[in-house]
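Residue strings, one per chain:
There are 2 protein chains.
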Amino acid sequence: MEKLKKYVSARDEDQFYHQGAVELLVFNFLLILTILTIWLFKNHRFRFLHETGGAMLYGLVMGLIIQYATKASDVESGTVYECEKLKSGRSTLLINITNQVYEYQYRREISHHNVNGHQGNAMLQKMTFDPSIFFNILLPPIIFHAGYSLKKRHFFRNLGSILTYAFLGTAISCIIIGLIIYGFVKAMVHLGQLKEWEFHFTDCLFFGSLMSATDPVTVLAIFHELHVDTDLYTLLFGESVLNDAVAIVLTYSISIYSPKENPNTFDAAAFFQSVGNFLGIFAGSFAMGSSYAIVTALISFMLCEFPMLETGLFFLLSWSAFLSAEAAGLTGIVAVLFCGVTQAHYTYNNLSPDSKMRTKQLFEFMNFLAENVIFCYMGLALFTFQNHIFNPLFIFGAFVAVFVARACNIYPLTFLLNLGRKQKIARNFQHMMMFSGLRGAIAFALAIRDTESQPKQMMFTTALLIVLFTVWVFGGGTTPMLTWLQIRLVLASNPDKNTTKAESAWLFRIWYGFDHKYLKPILTHAGPPLTTTLPEWCNPVARLLTSPSAYGDQRKDDDTDYIINNDELTENYESSAHIPVRDRTGSTQATGKEDIHEGDLGLGGYKLQLEHTAHQPQMNSLA
Amino acid sequence: MEKLKKYVSARDEDQFYHQGAVELLVFNFLLILTILTIWLFKNHRFRFLHETGGAMLYGLVMGLIIQYATKASDVESGTVYECEKLKSGRSTLLINITNQVYEYQYRREISHHNVNGHQGNAMLQKMTFDPSIFFNILLPPIIFHAGYSLKKRHFFRNLGSILTYAFLGTAISCIIIGLIIYGFVKAMVHLGQLKEWEFHFTDCLFFGSLMSATDPVTVLAIFHELHVDTDLYTLLFGESVLNDAVAIVLTYSISIYSPKENPNTFDAAAFFQSVGNFLGIFAGSFAMGSSYAIVTALISFMLCEFPMLETGLFFLLSWSAFLSAEAAGLTGIVAVLFCGVTQAHYTYNNLSPDSKMRTKQLFEFMNFLAENVIFCYMGLALFTFQNHIFNPLFIFGAFVAVFVARACNIYPLTFLLNLGRKQKIARNFQHMMMFSGLRGAIAFALAIRDTESQPKQMMFTTALLIVLFTVWVFGGGTTPMLTWLQIRLVLASNPDKNTTKAESAWLFRIWYGFDHKYLKPILTHAGPPLTTTLPEWCNPVARLLTSPSAYGDQRKDDDTDYIINNDELTENYESSAHIPVRDRTGSTQATGKEDIHEGDLGLGGYKLQLEHTAHQPQMNSLA
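These protein sequence lines are chains A and B, in that order.
Be aware that the first sequence starts at 1, since it is given in the UniProt record's numbering, and climbs by one per residue.
Be aware that the second sequence starts at 1, since it is given in the UniProt record's numbering, and climbs by one per residue.
Chain A on its own, in the form it takes in the complex (with noise of 0.2 Å):
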């Protein structure tokens, strides 16, 4: 008896130490399924089902299967420790250890135990995640990516249109959305479905902040496989990158927004103090991801010996740029994103081809981890998650006010721009831009930030259906949306010359000149000496600054201010083939011979000198 029980806590202690293994073991399971499914797509080039909607697919089914396996076995893991064993300290361990990396849910089911004296199942309480895990490991990367791969050039010529789109679209779709969801609010308040207190008007708004946030995942992957349009492509990219970082912020402003008295009467002080705290944090946020990234930039200039320390450096500082905004109480996300953004333009061109080689795979490949891994963890949260709120009327007010408020974002934001646009946006784009409003990542990660009343589990539960719904039939329905909507493809044999000039370019102009001029010679190896660009008084400074790399540039770069202001803002096809954003598997064989640079990430690294060399005839020829 003494040695069955001592081989018992033995055996208590072995499951502690297996205990995370299976979960992980779950997750890593899923993967290895997407993995090979995408493989499967690939090759059979099947394209109504994209991976991100198939690993959610997975996600799904397995937290069907683990909901209903373990249900049978729910009275003996459940069991519920006495208070006396807590003192002997061993026999604890396996119920506190079932929950280990889900301090939060495990926080939940305490708080759930003594109110409701409910009971957990203990499998299903291991699938749900920590928020901060998602935060702080699982997003940092997808983002980043984003950032890193950002096409500058096509970037800026419509940045006009993009920020108006990420600004004020996502304004104007939070506030629809809010009003329209109040409406639904009321009808439920008066059908008695919820209390009047329990929903307020600013609750509405944190719904539609937080289902504002489009997601750049699903969409893009698709249209860069199929080479849609380049401009629609950026329009597109910019504003569901950016309109994250601006949905976040709002969502967080709107959250701290607390009206003095009644809760639904509009206080114009708590709101401007909201608007400046998202200015604020959005500034603070751009700042502090930026300084990182400069620098990354001036360290990285002293390790280009060792490609894997410069590697290693830059992946530290790039997620430092994250977690210190977050310490500081700003937003990691638009940090890390700033930051992915000046790391591209300025550090890339300081590591050596080796680490260049080594960087750009080890963020693709996060980034493709972590993007499956968060879409399976949505499927499996439909399941999972413990106190889901399904409101048919809620959920049917949502699905609309989404819609509605996409439509009010794109179609008279556009009406405005093309005012102002020389190249009109088509009607096929607006319907096409309409029809990519997805919802992903983000909008989820937003709600599970905080599932502790009713209204919130409720706007979770309704928020993880939006996703679904958008990723599946929206993400599916993209390829014959595009053939519907007569969406020309770029084709490598028909290059279309007749794209657009700069749009807004007298102000990026100058940015050009001053980038060009002062940053890239202090902070990369790249551009004219500073000693040629600075007046003639700073020479000492400039000597001390300049890398000695630069001067042998020196005299191939006489013109560079001729080239700034006019190549780096003219479409030049050689470019513009290559999409370089989400090259998700990494193919070089699948799309022929225009693809060689697809998965680059096209920030002028490799392709530096090649491009140099471009230039000269087209500078001569113009001048």
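It cannot be assumed that every hint is accurate.
Because identical chains share one entry, a pair is satisfied inside a single copy or across any pair of copies.
[Stated by the list, open to error] Computed cross-link-like contacts, EDC-like style, restricted to lysine to aspartate or glutamate with a CA-CA straight-line distance of at most 20 Å:
#: 1; residue 1: 42; residue 2: 354
#: 2; residue 1: 186; residue 2: 196
#: 3; residue 1: 424; residue 2: 305
#: 4; residue 1: 186; residue 2: 198
#: 5; residue 1: 42; residue 2: 305
#: 6; residue 1: 424; residue 2: 198
Derived by calculation from the structure, the hints in this document are not laboratory data.
Once you have looked at the hints, place chain B on chain A.
Structure of chain B alone, referenced to chain A:
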């Protein structure tokens, strides 16, 4: 007031969101510092403090800072929340969330609170890992990388000696440490420092087994950098890698050894059960790891078009080997080690060139990060772990025991081995092996697994001190010791042709023949087609299983039997110059031309064609 309260609650929540960020930031900061230090050391060829030692030192300093900097705010941060608040759910956020991923510590804290009413330091708790993160996430890449980069040729040539050191040596070491410690424990009981019933002989053996795991990181990195004699390198590498596996299984077997009555007496049944456990677990883990690798090899056949998918699958399946073994109650580390070896042998050959690069660099990078995190963390643990028990007598005893046990392991076994070896292990090699018995991550990880009882805490503290001492003193002293012992360095300009012939060749000749004829053709694209190696009546099956590309090699490979039996087991300087293990920085410039393949996994992938052609003349001249 209302507003303030709301604001405060928002702040609380805010705190919650940003929790986890600070701790991760601390680690990021330490790693960045470490990388910069490595760079500095590399640049100045400074070898007295190895990077692992540096990482540990930074961790130590950081631990000190955290301990003293946070002491002042101890009272606020450690507020004990009343049970009342637990029900409201929200206010408990802070206390719960600060422990986040560190459930284990949290539990300990709870029991501590209950038993001693002692109040911990919140920041310090935060910096204490959950051991399951250590085991499930940080160790697998290191061990996998070790297995993956194992130099097969040299390894198999010395396999007899390596197995003797790893199995017999570890057992000897474990018993000797156990006996010496038992002596000291008796003395401590006599002096009244310890109660008789607190420390059994099995506990001493437990300590012996965990202290028998030698560290493969520090010394080998230096050896590799200096190009120390290949035989010595292989012996030490093989010993320290396999010895980890043995020590882990041994520790586990001892922890479940349970004699029926008096725990100090010898119980034959329980003993044999433990031996059975040991063998069963070892064999099971081996089988688990190998079968995952075989599955990967078979799947990777299909995916060769998509490097990213290949790499992803490779990564996930290898990790799954670890997790499955853990979930099945086996030892993940043993599984992942053999998975690495098998992956390197079969799967690696199936990968596309791009994938080979990606996979190699990915594992190098993960290995690099994980190693440095572990060493930083070991430094941190000295100050942040809350329940250290420093017992000078026990510590002294442990130091004596560790050195005596190392001596009893190396010298007698080498004497016995030298009786059978054609190429004797020289005296200075023996001293070097004695000196290289560092204790590292595995010993630490095994010790931190269980710190429940006071004896276990004492063991943990002592193990940590031994790790710190050996890594700093022995790790730092490696270079002077090599000079002092006059151990020759393999110089590129002076290829030593007079190395040994196969030592335990007959067994491996059979294995190699079988592997080359049957397994390689089935599992990889390499090797002769099965149609030539299988008996004629198997032809239909053989045709089905043979990869089409294998036929291409058929003409060239007519003499393969001869090659494998002779060439594979014969030393060839070409390949021995590139000891491929642990190129921790991916440096390509630092060590000169002979290192072009440094960092290559050396698994015949890139060099397959090269070697193949190199073998042809040799083969012909022998024919």
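Check your understanding: Is it within, between, both, or neither for residue 424 and residue 198, if the alpha carbons may be no more than 20 Å apart?
Key -> neither (46 Å within a copy, 82 Å between copies)
**Study point:** Intra- versus inter-copy proximity for residue 196 and residue 186 (alpha-carbon distance at most 20 Å)
**Key:** within (8 Å within a copy, 73 Å between copies)
Practice item. Indicate which option fits the pair residue 42, residue 354 if close means a Cα-Cα distance not exceeding 20 Å: within, between, both or neither. Key: between (29 Å within a copy, 18 Å between copies)
Practice item. With 20 Å as the alpha-carbon cut-off, assign the pair residue 424 and residue 305 to within, between, both or neither. Key: Neither way: residue 424 and residue 305 sit 48 Å apart in one copy and 40 Å across, limit 20 Å.
Practice item. Give the relationship of residue 42 and residue 305 under a CA distance limit of 20 Å: within one copy only, between copies only, both, or neither. Key: between (38 Å within a copy, 10 Å between copies)
Practice item. Since the copies are identical, ignore which copy is meant and state whether residue 186 and residue 198 lie within 20 Å (CA to CA) inside a copy, between copies, both or neither. Key: within (11 Å within a copy, 67 Å between copies)
In terms of the numbered hints stated before, the structure departs from hints 3 and 6, listed from lowest to highest.
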